[in-house]
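**Q** Chains as they are written, first to last, in the working numbering: chain A, 1 to 113; chain B, 1001 to 1113.
Keep in mind that the hints are not guaranteed to be accurate.
Below are the SDA-like pairs computed for lysine to any residue, each with C-alpha atoms no more than 25 angstroms apart in a straight line [stated by the list, open to error]:
| # | chain 1 | residue 1 | chain 2 | residue 2 |
| --- | --- | --- | --- | --- |
| 1 | A | Lys42 | B | Gln1095 |
| 2 | A | Lys68 | A | Lys42 |
| 3 | A | Lys42 | B | Thr1005 |
| 4 | A | Lys100 | B | Arg1063 |
| 5 | A | Lys68 | B | His1010 |
| 6 | A | Lys42 | B | Ser1073 |
| 7 | A | Lys94 | A | Pro82 |
| 8 | A | Lys68 | B | Ser1073 |
| 9 | A | Lys100 | B | Arg1015 |
| 10 | A | Lys1 | A | Pro82 |
| 11 | A | Lys94 | B | Leu1011 |
| 12 | A | Lys42 | B | His1029 |
In short, the hints are calculated from the structure, not lab data. Computed from a predicted structure; not experimentally measured.
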Amino acid sequence: KQEVTQIPAALSVPEGENLVLNCSFTDSAIYNLQWFRQDPGKGLTSLLLIQSSQREQTSGRLNASLDKSSGRSTLYIAASQPGDSATYLCAVRKTGGYQKVTFGTGTKLQVIP
Amino acid sequence: ETGVTQSPTHLIKTRGQQVTLRCSSQSGHNTVSWYQQALGQGPQFIFQYYREEENGRGNFPPRFSGLQFPNYSSELNVNALELDDSALYLCASSQQGGYNEQFFGPGTRLTVL
């Protein structure tokens, strides 16, 4: 059974700081890994998708890496802004069958002006 | 291209009642997945529909059921509501094959009294 862990559960940083969010998974037989952002009470916004054959993806100030062998992914946010404040979730899609998706519990980020 | 939409936005029911939630998938997507998200938790996979058939299910009882229609829109039905069913219900659409990237709707907030 796939288990996905995100550490830390919460993070508070001053504006402008670079930061790293972590996602660990127990089963390396994955199809892809997707990072999402969720604002309070809202749906999920897709940030980055990394296929199992890829090592990293970049979009603007965001960079996500994937190390399947160690069961880890990181989301790097450069020059954080107050608008980045949200909960960040990683989701792992397994290979085979209907490709079940398992989510972590998220990291709640607060960027202080 | 329209995104994923869900209705209603909010819903209040009492224990024992039945509820139907609706989701319209993103144009070009043939797969819809439903998730339950309790407060402070990551989304939990309920089930997935592909071309009008349920092809995957999480650890949810049979009183959670669904449908997918020829236009790939979907319904989630919950019978005999319990207090613990209070949550944000999220629908995600994707295109099986390829990247299988999920796009989420804004969610339906269900409160069971």
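**Q** Within a Cα-Cα threshold of 25 angstroms, do Lys94(A) and Pro82(A) meet the stated pairing?
**A** 34 angstroms, violated
**Q** Mind checking the alpha carbons of Lys42(A) and Thr1005(B) for me, to see if they're no more than 25 angstroms apart?
**A** 12 angstroms, holds
**Q** Decide if the proposed pair is consistent with the structure: Lys68(A) and Lys42(A), CA atoms, cutoff 25 angstroms inclusive.
**A** Given that 25 angstroms is the threshold and the Cα spacing comes to 30 angstroms, the pair is violated.
**Q** Please work out if Lys68(A) and Ser1073(B) have their alpha carbons no farther apart than 25 angstroms.
**A** With a Cα-Cα distance of about 34 angstroms, the restraint between Lys68(A) and Ser1073(B) is violated, given a limit of 25 angstroms.
**Q** Given the hinted pair Lys42(A) and Gln1095(B), is their alpha-carbon gap at most 25 angstroms?
**A** 23 angstroms, holds
**Q** Given the hinted pair Lys1(A) and Pro82(A), is their alpha-carbon gap at most 25 angstroms?
**A** 36 angstroms, violated
**Q** Below or equal to 25 angstroms on CA atoms is what counts here, so check Lys100(A) against Arg1015(B).
**A** 30 angstroms, violated
**Q** Given the hinted pair Lys42(A) and His1029(B), is their Cα-Cα distance within 25 angstroms?
**A** Holds. Lys42(A) to His1029(B) sits at ~22 angstroms (cutoff 25 angstroms).
**Q** Starting from Lys68(A), check that the Cα of His1010(B) is at most 25 angstroms away, please.
**A** 39 angstroms, violated
**Q** Measure nothing beyond the straight line between the CA atoms of Lys100(A) and Arg1063(B); if it is 25 angstroms or shorter, mark the hint as holding.
**A** Holds: Lys100(A) and Arg1063(B) sit about 21 angstroms apart, inside 25 angstroms.
**Q** Would the hint linking Lys94(A) and Leu1011(B) be met if the CA-CA limit is 25 angstroms?
**A** Not satisfied, since the Cα-Cα distance of roughly 33 angstroms exceeds 25 angstroms.
**Q** Would the pair Lys42(A) and Ser1073(B) pass a check requiring their Cα atoms to be no farther apart than 25 angstroms?
**A** Given pair Lys42(A), Ser1073(B) holds - Cα atoms ~20 angstroms apart, limit 25 angstroms.
Hint compliance for this structure: hints 2, 5, 7, 8, 9, 10, 11 are not met, and every other hint is.
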